[in-house]
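Asker: Here's the letter readout for the chains.
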Amino acid sequence: MSIANLNEPAKLTRKDFESDQEVRWCPGCGDYAILAQVQRVLPDLGIPRENYVFVSGIGCSSRFPYYVNTYGFHTLHGRAPAIASGIKMSRPELSVWIVTGDGDALSIGGNHLIHILRRNLDVNLLLFNNQIYGLTKGQYSPTSEPGKVTKSSPEGSIDNPFKPLVLALGAEATFIARSIDVEAKHLQEIVRRAHAHHGASFVEILQNCNIFNDGAFDDVTNRGTKADHQLILEDGKPMIFGKDRAQGIRMNGMRPEVVRVADVDANDILIHDVKNPVLAYLLGQMTAPEFPTPIGVIYDVDRPVYEEGLQEQLRHAREQPNAGDLEALIYTGDTWTVS
Amino acid sequence: MSIANLNEPAKLTRKDFESDQEVRWCPGCGDYAILAQVQRVLPDLGIPRENYVFVSGIGCSSRFPYYVNTYGFHTLHGRAPAIASGIKMSRPELSVWIVTGDGDALSIGGNHLIHILRRNLDVNLLLFNNQIYGLTKGQYSPTSEPGKVTKSSPEGSIDNPFKPLVLALGAEATFIARSIDVEAKHLQEIVRRAHAHHGASFVEILQNCNIFNDGAFDDVTNRGTKADHQLILEDGKPMIFGKDRAQGIRMNGMRPEVVRVADVDANDILIHDVKNPVLAYLLGQMTAPEFPTPIGVIYDVDRPVYEEGLQEQLRHAREQPNAGDLEALIYTGDTWTVS
Amino acid sequence: MNDGQTTSPASKDTQEVETVVIRFAGDSGDGMQLTGTQFTNASALAGNDIGTLPDFPAEIRAPAGTLAGVSGFQVNLSHHEIFTPGDNPDVLVAMNPAALKANLEDLPTNGILILDREAFSDLNLKKAGYAQNPLTDGSLDRYQLFSLDIARMTTLALKDSGLSNKHVLRCKNFFTLGLMTWLYQRPLEPVLNFISARFAKNESLLDANRRAFKAGHAFGETSEMFACQYEVRPAEIRPGTYRNITGNAALCIGLVTAARRAQLPLYLGSYPITPASDILHELATYKGYDVTTFQAEDEIAGVGAALGAAFGGALAVTTTSGPGIDLKSETIGLAVKTELPLIVCDIQRGGPSTGLPTKTEQADLLAALYGRHGDAPVVVLAPSTPSDCFEIAIEAVKIATKYMTPVYLLSDGYLANGAEPWLLPKIEDLPDLKVEYRTEAQGYYPYVRDPDTLSRPWVVPGTPGLEHRIGGIESEYLTGNISYAPMNHEQMVRLREQKIAGVAREIPPTELIGPESGDVLVLGWGSTYGAITAGVRSLLKEGLAVSQAHIRFLNPLPPDLGDVLSRFKHVLVPEMNMGHLLKIVRAEYLVDAVGFNKIQGRPFKVQEIISRVKKLLEEG
Amino acid sequence: MNDGQTTSPASKDTQEVETVVIRFAGDSGDGMQLTGTQFTNASALAGNDIGTLPDFPAEIRAPAGTLAGVSGFQVNLSHHEIFTPGDNPDVLVAMNPAALKANLEDLPTNGILILDREAFSDLNLKKAGYAQNPLTDGSLDRYQLFSLDIARMTTLALKDSGLSNKHVLRCKNFFTLGLMTWLYQRPLEPVLNFISARFAKNESLLDANRRAFKAGHAFGETSEMFACQYEVRPAEIRPGTYRNITGNAALCIGLVTAARRAQLPLYLGSYPITPASDILHELATYKGYDVTTFQAEDEIAGVGAALGAAFGGALAVTTTSGPGIDLKSETIGLAVKTELPLIVCDIQRGGPSTGLPTKTEQADLLAALYGRHGDAPVVVLAPSTPSDCFEIAIEAVKIATKYMTPVYLLSDGYLANGAEPWLLPKIEDLPDLKVEYRTEAQGYYPYVRDPDTLSRPWVVPGTPGLEHRIGGIESEYLTGNISYAPMNHEQMVRLREQKIAGVAREIPPTELIGPESGDVLVLGWGSTYGAITAGVRSLLKEGLAVSQAHIRFLNPLPPDLGDVLSRFKHVLVPEMNMGHLLKIVRAEYLVDAVGFNKIQGRPFKVQEIISRVKKLLEEG
Ligand SMILES: Cc1ncc(C[n+]2csc(CCOP(=O)(O)OP(=O)(O)O)c2C)c(N)n1
Ligand SMILES: Cc1ncc(C[n+]2csc(CCOP(=O)(O)OP(=O)(O)O)c2C)c(N)n1
Ligand code: SF4
Ligand code: SF4
Ligand SMILES: [Mg+2]
Ligand SMILES: [Mg+2]
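These protein sequence lines map, in sequence, to chains D, U, A and Y. Just so you know, we're using this note's numbering here: the first sequence kicks off at -17 and counts up by one. Just so you know, we're using this note's numbering here: the second sequence kicks off at -17 and counts up by one. Just so you know, we're using this note's numbering here: the third sequence kicks off at 1332 and counts up by one. Just so you know, we're using this note's numbering here: the fourth sequence kicks off at 1332 and counts up by one.
The following block holds chain D by itself, in its conformation from the complex (with noise of 0.2 angstroms):
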C-alpha cells in the first residue's frame, strides 16, 4: 500500500475506527480478536480515516466492513475483488482493504481472488480462514479438512481442500502471508507488513468459528503445544521452530524435511527468503501433521502495480494534442457539410 494523501492527517486512535453498530458476531468467534487488531494498526499507519475502504463479500467475516468506521461497501458473496478493483482503479489514492472468508475468497470467488493477484493491483486482501462456511451455519468449505463431517457432508468431505497461500502463489501474487487470530503482535505486525507491501498483499488469518469448527487450529493457537507446530518465518533466518528451537527444515533432495538441528549441519536448515518462489512453494505445501504451520511473511516481491500502468496510459493519452478536446471527438473522420 502506498500512502497516497500526505495531507497531515490528525492523530488518530483506536476509537476512531470503531463505527456506531453493534458488533454481531457470536460471542468468542476469532472474528473479535482480527477486528481489533486491524483497528489498532489502522490509526498508525498516516492514512486520512476517510481514505480509507474496506470492501467485503458475503459471510460471517464480511460483516468486518460495518465496524471500521471509514468507508465501507459490504457487497456480494465472492465479489469483493472485482469491486474493490473498480475503487482501486478509479481512485488510486485510498488504502483499499479486502476481507473475505475461505468461503468466499476461495469457493464462489476464486476467480476474482486469482485474477486481482495477477493483476497485481495495490490492496491488501484479509482472508479469515475458519475452514468452514460460518454464515449459513456450517457446511465444509474449499479449505475443510478431507472427511470432514458437516451439515452438507453427512459422511464425510470427498473434496479435497486447497492449500490458500499456495493457491495465491499460483496466482502470482506478490506478497503471500499467514497470521493466526489469536496471534495479537504477530498479527498485528503481519496486517502492517501487508500494507506496506506494494502491490496485492494476500493475507491468510487462520479464524476460529467456535461454533461450526471449534478449535480447528488448536495445535497453533494451545499454549502448550503451538511452538512445536507453528514455524514463525523471519526473512533471512533459517526455518527453526519448536520449544527449544530444535527442529529445524531442511531440503533433502528437492523436497523438504523437518530435522532435529543437533543432528545436522546447521548449514543445511533452510534461511528463509521472502524473494524465492520455490521456498515459498514449500512453504505454502506445508501442513501438519507432518510439517510445523509456517507463519509470518512467506513471499514478498515487487511487480508493477496495475493501477499505476493504467495511470501511466491515462498521464501520456491526457498529454496528447486535443485530448479532452469534444470537438475533435466528435467532428472527427469523413465529415460533410450541408448548408
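One or more of the hints may lead you astray.
Unchecked claim - Selected chain D positions facing chain Y (in silico; Cβ < 7 angstroms):
(1) Val5
(2) Tyr48
(3) Thr52
(4) His56
Honestly, the hints are just simulated from the structure, not real lab data. For each residue, glycine too, the CB sits at the ideal point set by N, CA and C.
With chain D fixed as given, assemble chains U, A and Y with the ligands onto it according to the hints.
Answerer: Using the frame of chain D, we list chains U, A and Y with the ligands on its own:
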C-alpha cells in the same frame, strides 16, 4: 482415466471419430492439428466410441466437440468444467474430455478450473493456449504477454499473465503437462498420458492463432530454433536440451539456472521426477527468454478421485437397511394416525 | 407421574378452546425453535390441526440478549381445519426482555404472557433497550401476566445433576416446554422420546432435560399460578397417517420419491444459501436412495453440474434462493436451448440483492419467468403449503422429463421452514413416472420431436449409434446442427414457446372455493394459500360473494383461468411482492385485477385479507 | 482522370434514380465490409441520405468459398429521407458463387447482378453447393446480369506492381468499388483519401489499391457493358455537419461526451462479447478523455468493477450482450439496492443461450426489466437509430446521476453495426450534466433523500466526516444501517419503485407521426424505428389513418402513453422478439394490443410492416 467399459469394442479408426460437420476454423489454425492428433489417439484407448464425451465452453477451440463423432456438449463460456463434473459424477464410466481455450479456462472459467483440479475428477482437460481471444476477434487473454497491443489494449496490455502450469499446480492438480499443436507425435503421446492418468489431467497445448496472434510460439515451433527453446521432459531423465544437448538445468541454491552441460558436474543437472511438486513448480515457472519452454509431463501423482469417493459413499449407503425403500422414506419420524 | 403416561391428569379446571396460537420467543441460544417444534409435534400427535411459523434472527448470532438475537416460533393448534400459523398469538412465552420487546405488540389485550422473571436483569433490560423494567412499571397490566422464576426452578430441579451452571440453564427451555405441555394438556411421551433420542450419547444431559421437562410439567400441576388448564380437542381430520413436515423436507421427499418412481438417479448440484441450504443437507442424507449431492464452488457450477448430470441421464435438480437464481440464469437458458430436464428450486427470500436472507417473499416470479436473455420459456410451478411441496416436486419431475424442459419450483422461506401435518400418501398410489431414454437409432435426430408433447428424445452418452452433439447456438430443426438460418431461428423460438404452452394440458381445472361467480375473486399463488383460504372461508361464512382460486402453475397458466376471472366483478391478487402475478394476468387476460401487496418479509395475516376484500366490496 | 477530380464525368447516359439499394457480398476474406463502408461514405459525401446493414458471417472464419463464410453489406442511398438500409437490393454484387447463392433470393426480377465470372470455378461452385454453373444454366436470365472478369482485370491493372499474386487478388474489392463508384457517379476523392491513409505505411499496397480502384472506374467508363450511369441526387437534408456513424461508435462518443459534461471520469468495466466488444475497443482509445477501460476476467467482474468505480465517484459503465446480462444481474441488483449510478449497455443479439451471436434481436427487454430476483426496478432506455445512440447515452448519464440508479441501454446488433449520417451537435448546445458529490456533513445520512427525485446523495470515499458503509442487506430508511424490520422493508421497496417511477417526469410528450387518433397505432421501440417509420409514412401517403409512436423509455413508460394508445382502434406492436413490449403495455393499460413478431435475427422490412398494418385494417 479409468477404462470403465470393458465390452469388447469394435476396432475403431480415426475415421470413426470424424463427425459429418465441416470443420470451420481459419485455414492454418493450430486447432486443426490438435483435432487430428486427438482423433488419431481416441481409437486406440480401448473405449467404445459411445462412451466418450467431449465438453467445451465457448471460443474457437471450444468448437472442437462438433468435429468429433462422439457425444459432445458445447456449453457456455467458462463453464465446461462445471458441466463436465456433473456428467462425470453421474456417469463415472464415461471418458470425459474437456476442451477449452485460454480465455475460456483462465479468464471467465478460472474458478471452475481450479475447483475441478482440486477435486480431482477423472477427466482430461485440454487447454488450447493461443494467448488471445480468437472467437471475439483478438483481445488479449490472461496468458498474453505484458505490453501486448490488441483491440482492447491499444497502448499495450498492463495485465500480468498467468502461467497456466503453475496455476494448475496451485490448484492441486494431479497431472500437469504441456505440448504443442505442431508436435504431432509429442502431442499424441501427451494425450495418451493424460488419458492414462487416474484423476484430473491438465494439458496445456500451445496453439497458433494465425489470424490474431500469429507466431506467438515461433521460438518453440520454428524448425531452426526449437531445439534450443524446447526442454523436452522425461521422467527420470536429466533436464538437458539444445541442439547438441549441450545445455541443462541445475539448481543454484533454491533457484534454477541454465548451464552448459560441459561446464558442470553431470550430477548437478536436475533429474526430472514427475512426482515432485517442487520440480513441477520450478518447471512451470520457467519462461523464455531466460529458460527454455518445458514440454512433456511436468507432474503426475495419485490422489483419491472425486467420483470414486462419491461412489463409495453411495455404495455404502445402498447397503444400509431400508435403502431405496419409499415406505421408509415417507413413513418415518413422528407419525400419527387418524382413523 | 410416570413416563408411560400419555396425557396428564386434568387435576385443575379445564377450559375448552377451539384454537390457540402460541408464540415462543427467546434468545437465539435459548432453543426456542426446538421448544416450538416439540410442542407442535406433541399437538399433532394429540390430533389437532396445526400450522407453524419459525422466525429466525438475522444470520449471525447477535450478542445474547439483544433484539437482533431474538428467535421466535409460532404455532397454531386447532380443533378445526386451519390454514395458517395464526395472525397474532394468544399466548406469548418470552424468555428475556428482548424477546418481550420484539413480540409484545402482537399480543392482544388480555393475552397470556409468560415470562422468565429472572431474565429481567438490569443488563438484559439495557441490551433490549428498556429504560424501565416492564415487570414493574405497569406496562404489562393489560395482559394475563405469568411472571415465573424459570431459571431458578430449573436450577432447583437439577441441583444434584452434576452439570455446570451453564448447562443447567440450557435446560430452561425444557422446563418451559413441560409447563406448556401441562397447560395445554399435551401428551408427554413425544417429548420424552425426543429427549431420549437426542441425548442418547450423553446420559447426564438426557437425564437433566428429562427432569427439567417434568419439573415444568409438575410446576403447572402444583403451583397456584394457573387457575385452569386448556384443552384443544382433536380436529376432524381426514383419516390416514400423518407426519408434521416443513416445506423443505417435503420437497426433498417429493424429489426422492419422484426420482424413484422415474427410476432415475437423483442428482443435486447446489451451493448453500438461506433458506435453501436445508434441502442440500437433507438430500445429502438420502444417498441410499441413489441420491448424489454436490456442493459446488458456486451457484453457476451447481446448476452447471446439474445440467451435465441431466445430459448424463440423471434427474437433475438445483436449489437456491434469489441471488443464486440471478447467477444460474445463463445456464438455465442453455437448458432451455438444449431441452434437457432440470428442476430449479428457488426458495425465495426477501430481496432485492442480499435483502432479508431469513425472511419470506414472493418477488422472484418475474425473474423465473423472464430472467434470461432471449426468449427462453420455462415451466414455473409454485407449491401452496408445506406438504404441497411434496406433490409439486412430483409434478415438476413428471413435466421436466416428459417435456424435456427446465421447471422452476418457487417455494419461499415461509413454506420452507413452516410446518403442517402431512397426510402421508399410500406408496401404491404414487404415480408411475418411468422414463425411457431413447436407444433406437432408426429415425433418430437429436431434435426429432414427439408430435404430442413436442419434446425431443433423451439420449444419454453411452448409447451406441446415437452419438450427437448439442450446444447453446441455435440448432437446425430436427438435426440439431448449428444453424444461423433466419427462418429456422424463428421456427425454433416459436417451437420452444409452443412446447411450454402445451404443458397447459397437464393442468387440472381451476378449483374455486366459494361461488362460481360473484363479487370478488381472490387469486393467489404460492405460500399465501393459508391466509387467503382462511380469509375467504371467513368471508363466505359472513355470506359474501367472495371466492378463491389458487394457482400452482404460473407458466403456462391454467387454460380456464381467463374464463374464471371473467366471472367476477373484482379480481384481487394478494402477493408478497410488488405485483408479479398481477402483471401477468393483466397482460394475459386484460382484466383490471387489483394487487394487494405486502412486502414485509412475513406472510399475510388472515385479517389483512379479510379487511382488504371488504374494502374492495365497499368500493363497489 | 486526375486524383483531384471530385466527380467522374458523365460520359455515358445518366439515368436518374430516387433511391437505390446495393448489396455487396463476398467471402469473409474479400473485404466486402470495407467496400460497402467506403461506398457509403462516398455516397454520404455526395449528399444522399443513407442507411446501411452489415451482415457478418458466424464468428469463426469458415473455409473460403463456403456459404458459412459469406459476408454482406447493404447500403441504401436516396434522394429522399430514408430510414432503413432497404428491404431488398436493387443491385447485388456477388464476388463468388457462395455469395450469389446466399443472396440471390433477395434480388427482385430484373435487378442488377454483378458477378466475378472467374470465381465460378468448379471448386467454388461445389463449395457453394451448386450442382450446375448458374452462369450458364440460364437460372440468372431474369436479372440484368453483368458477368465480369474482375480478377483478371485487377491482375492486368497491377501487372507490374511487384506484388505477389495473392496480394494482387486482394485488390479485387477496390476494382469493384471503382466500378460501382463510376456506375453511381460517386466522388472518387473519399476512397482515394482512405487508401492513402490506410496504406500509408506500405507504398506498394497503397499504389496497388489506388490503381485497382481507378482501373475499376475506368473499366466502367470505357467498357461497352454498361449502357448508362445512374445518378442519385443529393437528398434534402437538414443543414449542418454530418458524419456517418454506427450505433456502437455513437454510443461511445455519447458516453464520453456525457462524462465530460458531467465532469466525471468515465470508467468502463467490461468483458468482450459480440456485438458489444467494439465499444470496449473504441472506448479504450479515448484515454485522453479521462476514460478508463478495464477488460475484466468475466462479466461479473466487469460490472463489479464498474460498481466499485461508481462507489469511487466515476461515471461507471458496463457493456455486454445477452449472456453477459444474465451474469451481471446479481450485481445490478446490488446497484439498485445501494442506489449507485451505473450505465448497463446491452447490445442485444439472437437468443436464447449462445443463440445467434452475430444477428440482431430485441429479446432482452423483459430480462432488463425483471431479470433480477426481488423487486429491483431500474430505468430502461432504448435508442431508435445508430445516431440516437449518442443522444440516449447522454440521457442515460443524466438520469443515472440525477436519480442514483442503474440505467439499462438496450441497443442491438442492427443498431450497433448499422450506420447512418449523424448531424453533429454543436458543442455549445451540449447539455450541462455537472454532478456534485455531497461533502456537507450537516444533516447527512447515507440514505437521506432529495425530496424531488427521491435520490440519495453521492458521497465518495476520501470525503472527510462522511464515512459510511453500504451493502446489499436491506437498509434502514435514512441511516442506511442494516435493518430487518418488516415495515422498513416495505417502505424501502416502495421507495425504490417510486423513485424509478418518478423518472417519468424526464420524458417528453410522446410524438406521433400521423394523426392524433385513428385506426392503427404502430407502437415500437428500439431498432425497429427505421422500418416502422418508412412503413407508416408510406401508409400515410396512401391516406390511411395510421400513426406511429416510438418510445425510448421502456421503464418508466411515458406518462401520456396510455392516453395515446386509447385513441386508436388498433395498437400494433412490431418487435424482434415474442412480444415483450406487448406484454408490458397490455398489463399496464389493458389495451388489446396486437404483436407482430419477427425472430429471424434480422430487421423488419418496410414492406412487412406495411402488409401487417393493412391486414389489421382489413380485419377491421
Ligand atoms: C450468491 C450467494 N450465494 C450464497 C450465499 C450464501 N452464503 C452467504 S455467506 C456463505 C459462505 C460463507 O463462508 P465464508 O466465506 O467462509 O465466511 P464465514 O461465514 O465462514 O466467515 C454463503 C454460502 C449468498 N449470500 N450469496
Ligand atoms: C458469457 C459470455 N461472455 C463472453 C462471450 C464471448 N466470448 C466468446 S469466446 C470468448 C473468448 C475466447 O477466447 P479463448 O477461450 O482463448 O478461445 P479461442 O477463441 O482463443 O480458442 C469470448 C470472450 C460469450 N460467448 N459468453
Ligand atoms: S458462526 Fe462462527 S465465524 Fe460466524 S460469527 Fe459465529 S463463531 Fe464467528
Ligand atoms: S481466429 Fe485464430 S484460433 Fe480462431 S479459428 Fe482463426 S486462427 Fe484459429
Ligand atoms: Mg469461513
Ligand atoms: Mg485463446
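Asker: Is the interface hint for D:His56 satisfied, with its Cβ closer than 7 angstroms to some Cβ of chain Y?
Answerer: The hint holds - D:His56 has a Cβ within 7 angstroms of chain Y, the shortest such distance being about 3 angstroms.
Asker: Is the interface hint satisfied for D:Thr52? The criterion is a beta-carbon contact with chain Y at less than 7 angstroms.
Answerer: holds, 5 angstroms
Asker: Under 7 angstroms, Cβ to Cβ, is where D:Tyr48 needs to be relative to chain Y, so tell me if that hint holds or is violated.
Answerer: D:Tyr48 check passes; min Cβ-Cβ to chain Y is 5 angstroms, inside 7 angstroms.
Asker: Would the hint on D:Val5 stand, with a C-beta cut-off of 7 angstroms toward chain Y?
Answerer: Nearest chain Y Cβ about 12 angstroms off; hint violated.
Violated hints amount to a single one, hint 1; each of the other numbered hints is respected by the structure.
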